[in-house]
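Q: For reference, the chains in residue letters:
Protein chains: 2
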Amino acid sequence: MPWVDDGSAAALTDLYEITMAAAYSADGTTAPATFELFVRDLPEERAFLIAAGLDDALRFLEEFRFEPGAVEYLRSLESFDDSFLADLSELRFRGNVWAVAEGTPIFAGEPLLRVTAPIVQAQLVETFLLNTIGFQTLIASKAARVWLACDGRPFADFGARRGHGADAALKGARAAYVGGAAATSVVLAGIEYGIPVTGTMAHSYVLSHPDEYSAFTSFARTFPEGAALLIDTFDTVEGARIAARVAADLADEGITIRSVRLDSGDLGALAARVRDVLDDAGFPEIRILASGGLDEFRIARLLDSDAPIDGFGVGTELSTSGDAPNLEVVYKLVEDDGEPVMKTSTGKVTLPGAKQVYRTTSGDVIAGDVIALAAEDPPDGTPLLERVMRRGRRTVPPEGPTAARARTLAALDALPEGLRRLEGWDDYPVSTSNALHDLAAQLQSWR
Amino acid sequence: MPWVDDGSAAALTDLYEITMAAAYSADGTTAPATFELFVRDLPEERAFLIAAGLDDALRFLEEFRFEPGAVEYLRSLESFDDSFLADLSELRFRGNVWAVAEGTPIFAGEPLLRVTAPIVQAQLVETFLLNTIGFQTLIASKAARVWLACDGRPFADFGARRGHGADAALKGARAAYVGGAAATSVVLAGIEYGIPVTGTMAHSYVLSHPDEYSAFTSFARTFPEGAALLIDTFDTVEGARIAARVAADLADEGITIRSVRLDSGDLGALAARVRDVLDDAGFPEIRILASGGLDEFRIARLLDSDAPIDGFGVGTELSTSGDAPNLEVVYKLVEDDGEPVMKTSTGKVTLPGAKQVYRTTSGDVIAGDVIALAAEDPPDGTPLLERVMRRGRRTVPPEGPTAARARTLAALDALPEGLRRLEGWDDYPVSTSNALHDLAAQLQSWR
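Quick mapping for you: the protein sequence lines, in order, are chains A and E. The first sequence lines up with residues 6 to 452 when you count with the working numbering. The second sequence lines up with residues 6 to 452 when you count with the working numbering.
Do not rely on the hints blindly, as some may be mistaken.
Said to hold, decoys possible - Negatives, chain E to chain A, calculated, CB over 10 angstroms:
no. : residue
1   : Asp285
2   : Ser326
3   : Ala440
Stated by the list, open to error - Going by beta-carbon spacing under 10 angstroms, a handful of chain E positions derived as facing chain A:
no. : residue
4   : Ala36
5   : Ser264
6   : Phe302
Honestly, the hints are just simulated from the structure, not real lab data. We treat Cβ as the ideally placed atom computed from N, Cα and C, and that holds for glycine.
Make a model of the complete structure from these sequences and hints.
A: Set out below in structure tokens:
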């Protein structure tokens with residue numbers, strides 16, 4: 006505290022996971038159960054999602070355990086008996102997991118993750134899995150839209166300060182990178198995940214100097230191999246002139262200015278004037294970066310109007326997925342002791358049985374998915390879920406976000422044109438197999 | 006990892022905080038600077054905010070240090086010299102802090118926190134302070150609206166699974182409690198913060214039994230002093246009948262059913278029918294809880310229609326502040342080496358000088374605020390910022406969320422009626438003192 010260490014992760018759970026575990030234990034229930042994690046409906050602002058968070062989720066499952074302090078806390082609630090608490094402190098996750106690889110586009114109803122384990126184990130990991138996979142998928146999906154808008158120009162995640170807590174700043178940086186960001190401002194994301202980090206200066210740095218010339222000079226001397234200067238503290242075009250003067254004055258010392266950053270005002274009009282100032286001063290190689298309230302729509306408009314911007318910093322809207330800040334991600338029991346089960350609550354029907362998703366392509370472009378029972382004869386297409394854990398141990402090596410990011414970028418290239426638009430997209434065909442349809446109809450009629 | 010331990014918190018920062026620190030160090034700048042943390046404009050969905058997150062922020066400042074691993078990582082970037090990195094590894098926060106108490110309503114432009122320290126120290130803590138205070142204030146403010154809607158009935162935070170990462174689940178539970186929630190589902194929030202925890206069962210529990218009768222019976226026997234049963238897995242009214250039957254059948258064993266929970270469908274209409282079923286069966290004392298896609302508007306509509314609901318579980322919309330998922334929280338330099346400074350970027354003007362906020366009341370109700378210079382003769386009203394840290398040590402004892410929650414509830418009672426509405430509220434008068442106004446005009450004319 007105030008940070009949470011590894012051993013606390015199991016206790017980052019809803020209490021009802023533990024009350025249910027206690028009830029299962031009292032019943033002596035040890036049969037395997039299968040849960041699937043999926044998004045019920047996509048937000049109306051999203052044509053597709055990018056799966057993310059799996060590697061962190063698997064690490065959580067590998068290390069899952071209740072620490073003595075957590076067990077003692079549960080004892081203090083006077084709701085759980087000693088025998089259950091003793092079992093809980095010994096409990097580890099020993100289940101099998103199948104999952105969609107990070108960086109894969111997914112659609113409503115398609116399982117991202119399938120967990121099969123004794124029901125107590127499978128149930129106790131629910132809250133954390135939903136939290137980490139749901140959040141990272143949320144941010145990677147937003148980042149992919151920003152990537153599409155940037156049309157080849159790089160963008161960096163600047164959103165840590167507005168992220169929802171520290172874990173969001175860290176895992177959000179990871180997810181943004183998986184979704185296509187070129188870099189992040191978050192130092193810890195560089196340390197933990199090896200993501201490229203980037204950063205310039207804040208307005209306060211300029212304000213703490215007598216004027217912009219002295220601020221820029223000091224900063225450039227500290228970072229002689231390519232400083233990035235923030236030029237909008239007072240007047241952006243004047244700031245560009247001063248940056249050019251500093252670049253000229255310090256050239257003799259072997260100091261180069263790599264870029265200037267605009268963070269306020271009419272970014273498109275200002276970028277054009279700044280480009281002229283820099284070019285006229287003989288610095289066509291100094292890049293113009295833009296930030297300040299950007300999202301995919303604003304970036305697309307700037308580039309549509311030919312604003313000479315070479316890269317973007319995207320903060321709040323990326324780190325909070327501001328237009329669609331949550332996903333309807335759920336984790337549902339689909340098989341119990343080998344038998345398919347089905348919930349029929351109003352508006353919340355869950356299809357029964359362990360499933361697989363098959364994706365077909367047409368040329369280089371994805372053409373449609375079929376959600377089928379995992380046990381049926383496979384239809385055409387490539388299966389999306391692969392086995393990633395057997396009896397609590399990974400069957401695939403840990404994977405950093407760089408491999409996942411490459412998968413995302415390849416997948417975005419393989420999206421149909423009608424899904425690559427920022428709005429007004431086409432439907433993507435996702436159907437259920439006949440066998441799955443029949444099983445659901447059969448279970449529904451039994452009720 | 007995947008969780009971040011205490012020592013990583015300093016590295017949860019934007020890289021530019023460190024590049025600026027390096028430039029300041031190279032310049033030999035050690036003069037004190039004052040930064041203020043405030044929200045530029047309120048989201049249009051909010052009439053007021055509830056300050057939260059201070060206690061965690063102070064704990065962060067007390068423990069602030071860069072671990073050897075972080076320093077080595079920075080060295081690997083080949084941008085920082087050895088002397089700076091050596092200083093960085095020794096650096097601790099030794100500044101003075103003034104702050105608004107958690108649970109206090111605040112408005113646009115009012116400093117929640119004021120930090121005075123050598124500029125390197127004051128700058129390096131920016132990202133984390135914005136992240137933790139911004140997020141907790143966001144969630145406490147949403148929770149306060151839910152509290153107003155609940156009109157005396159309790160509500161619990163059920164939002165961990167949809168929160169933005171693990172820290173959001175934990176600190177969101179804390180902030181929801183500060184904002185008025187009666188409890189949370191998050192076990193770790195009980196452990197770390199002593200917040201009351203609550204939980205019932207999931208649909209999967211019902212599905213893993215042959216029928217609802219056996220599921221409810223097993224669960225009630227495990228929690229004989231008052232189980233809460235989820236009755237909407239198949240048909241809510243039938244579920245209520247079965248719950249009543251279980252309550253009757255187990256009464257001989259001394260087992261009581263405390264409540265039933267509805268999680269889908271037309272909650273108002275179903276609650277009325279469930280109430281009738283339970284009353285007719287002789288169980289008027291079994292409470293009806295409702296959850297499932299709730300927010301303050303839906304709760305207000307349910308209660309307006311006299312739905313017999315005794316308590317609410319609020320998830321996603323609370324834990325992500327779904328209608329307003331971010332605050333325009335900023336941390337701005339206002340004084341440097343004793344001199345007031347002022348940024349004049351388009352749309353982002355910051356008022357200069359260290360400030361205090363004075364709040365006046367009319368009877369029991371708050372009537373208006375004046376933002377003034379901290380050094381000027383105080384106008385009428387109660388000052389909102391108090392000293393909380395001197396030279397890096399707290400001058401007030403650590404405070405758990407219970408005291409902050411009590412402050413919130415008292416403050417909500419003291420809000421003018423025109424601010425207590427969920428929409429269409431009145432403006433609350435916030436003005437600046439003449440001295441502050443004159444100073445800003447003077448600095449602006451100098452440019």
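Q: The structure should be examined with respect to each hint, and the outcome stated for every one.
A: Okay, the hints, checked on the actual structure:
No Cβ of chain A comes within 10 angstroms of the Cβ of Asp285/E; the nearest lies about 23 angstroms off, and the non-interface call holds. For Ser326/E, the condition that its CB be more than 10 angstroms from all CB atoms of chain A is violated, with the nearest at approximately 8 angstroms. Every CB of chain A lies more than 10 angstroms from the CB of Ala440/E, the least distance being 21 angstroms, so the non-interface label holds. Contact between Ala36/E and chain A, as hinted, is supported at the beta carbon level, the nearest pair being about 8 angstroms apart and thus within 10 angstroms.
At a threshold of 10 angstroms, the smallest CB-CB gap from Ser264/E to chain A is about 13 angstroms, leaving the interface hint violated. Below 10 angstroms, beta-carbon pairs count as interface contacts, and Phe302/E has none with chain A, the closest being about 16 angstroms; its hint is therefore violated.
The structure shown violates the earlier hints numbered 2, 5, 6.
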